[in-house]
Amino acid sequence: MPNLLQQLTSLTHTGKIHSLSKTVALSELLFKAKQIRQQNPELKQQKVLIVDENIFDFISALVAFDGWCQSIYIASQNLTQPKVDNLIQWQQKPPQSAVSQLVIDDNEQIDTSWFLATSGTTGEPKWYAHSFAALASSVKQSRNLTKVNWALMYQPTRFAGLQVLLQSLLSGANLIDVHGKPALQQISLMQRHQVNAISATPSLWRQLSMTQQLDNLTLKYITLGGEIADQGILDHLSNLFPNAQIKHIYASTEAGVGFVVTDKKAGFPVAWLASSDNETPKLKVSSQQHLMIKPKHLIGDNLKSLTDPQGYVDTFDKVAVTDERVMFLGRASGVINVGGNNVYPEKIEQVLLQSAEVDQARVYGQASPLVGALVVAEVVLQPNSEPQLAKTRLLSNCKAQLARYERPSKIRIVASLKQDASGKLNRKNHD
Amino acid sequence: MNLEQQIKQAMQQVAELSDCQLIEPITVDTLLLESGLDSLGYAMLVAQLEEDLGYDPFSELAIETYPSTFAEFLSVYQRCASKQ
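As given, the protein sequences belong to chains A and B, one line each in that order.
Per this note's numbering, the first sequence starts with residue 166, numbered consecutively.
Per this note's numbering, the second sequence starts with residue -16, numbered consecutively.
If you are wondering where the hints come from, they were derived from the structure by calculation, not from laboratory data.
Since the model is a prediction, treat every value here as computed from it, not as a measurement.
Worth double-checking, as some hints may not be accurate.
Once the Cα atoms are required to be at most 25 angstroms apart in a straight line, the calculated SDA-like pairs of lysine to any residue come out as [what the hints assert, rightly or not]:
| # | chain 1 | residue 1 | chain 2 | residue 2 |
| --- | --- | --- | --- | --- |
| 1 | A | K564 | B | K(-9) |
| 2 | A | K564 | B | L5 |
| 3 | A | K461 | A | A299 |
| 4 | A | K459 | A | R490 |
| 5 | A | K187 | A | T174 |
| 6 | A | K564 | B | D35 |
Hey, can you work out the whole structure from these sequences and the hints?
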């Protein structure tokens, strides 16, 4: 497969990249990537660490090093650096001289490994290798897609952020970098550059929605990923954007595969469990109610212990099977244990989010000297809600729908909820 | 409202949320395990009181034996309140 530079060079139309302060054409960044290769021959076939400082230097470094270095480690500024021998940290230097013609020796094709960090549950990042071919495998290209203006809501160093970045670059679309900015500034940047495609977590979508200005955009492509997409947020987005394509993505880090649901309903159809369709990965539910996936690719040694005799890998995602849908309940490991009963924070959050008064909800376990842990909820209310009344209504809704041990023992009304760097709700225990 | 009344009010709230039926009346001699609240109910009560009063004696004081009557439960809170 041609490397990133070769693929981008062969495009008939390339887009522009916008940040808060400037706009650069991708063609300029491709030129810069060639300069990097020419002026840093010592980096060839080496292991290089790219730290994301600004989107333009980040893109030119990725383009320069894919197919040219042995491996690239992609890190955000605040991440602990990987402990890898002979790893060279790339530092952008001013070009030595103006070069008008660059000849790149591209005969030796190297299959570069892209190492990405996952947040992990313990705080210490874990590094996983991906090939460019795998990272780019879901990229769609068409004449229409060259007219798309993608907002980059995720850090570009994360798997989901790289997906948006590669989709926009390889399809000739424009990319508007808004990640990490306050929601109101994000919306104003998106409006300025006529963003019509956004990929974000449900939590980030709710945050955008809280600006009350999301409907100023004309969105055509809406993607939700990284967290369970509840029916409330799917309904909200399809009401705001009835003509948009709305999809929620399920991805399993464990199995290294995922699938896309496009029917605007939470979960996925039960029929997929028995499907022999070659388009979707084979799925089943284990006796522990974990979703199991049979990847098409060969299963690596690190997955063998998670794989059953039929070749299905345990995703550690808990599901509930109803008559029509398979619904996600959350991570098997993220459960709150209340006196021996498992509570899935996502399930409680979804009940809280049914209320029109609630903008955002987060549920976590709080250590209890009596029953191990108790369920605690934090909610962000709509601006005009009356907190005490809202609390009473929420508790009575929880009572109607949840088992005793699942009901939040406290509902705290807060002004905003913390999200971690990936845009997911920070659900770490407060004990 | 004194501490005893505050605790009784919190018991009512927790009983309501956790589908428990409190006995009437609750007196100083009422055994906690017979009051109508179970362990989940008490865990919720302690959490609720922490919210209302700002302290949780079961985490703050090294309590070796858990109170068995309402009077003992109240006295644990009174001891903690005097240290605040």
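For a C-alpha distance cap of 25 angstroms, please report whether A/K564 and B/D35 respect it. Holds: A/K564 and B/D35 sit about 21 angstroms apart, inside 25 angstroms.
Pair hint outcome, A/K459 versus A/R490 [Cα-Cα no greater than 25 angstroms]: holds (19 angstroms)
Holds or violated: A/K187 and A/T174, Cα atoms, limit 25 angstroms. holds (23 angstroms)
If you draw a straight line from the CA of A/K564 to the CA of B/K(-9), is it 25 angstroms or shorter? Judged against 25 angstroms, a Cα distance of about 21 angstroms means the pair holds.
Does B/L5 sit within 25 angstroms of A/K564, going by the straight-line distance between their CA atoms? holds (18 angstroms)
Keeping to a limit of 25 angstroms between CA atoms, is the pair of A/K461 and A/A299 held or broken? holds (13 angstroms)
Of the numbered hints listed earlier, not one is contradicted by the structure.
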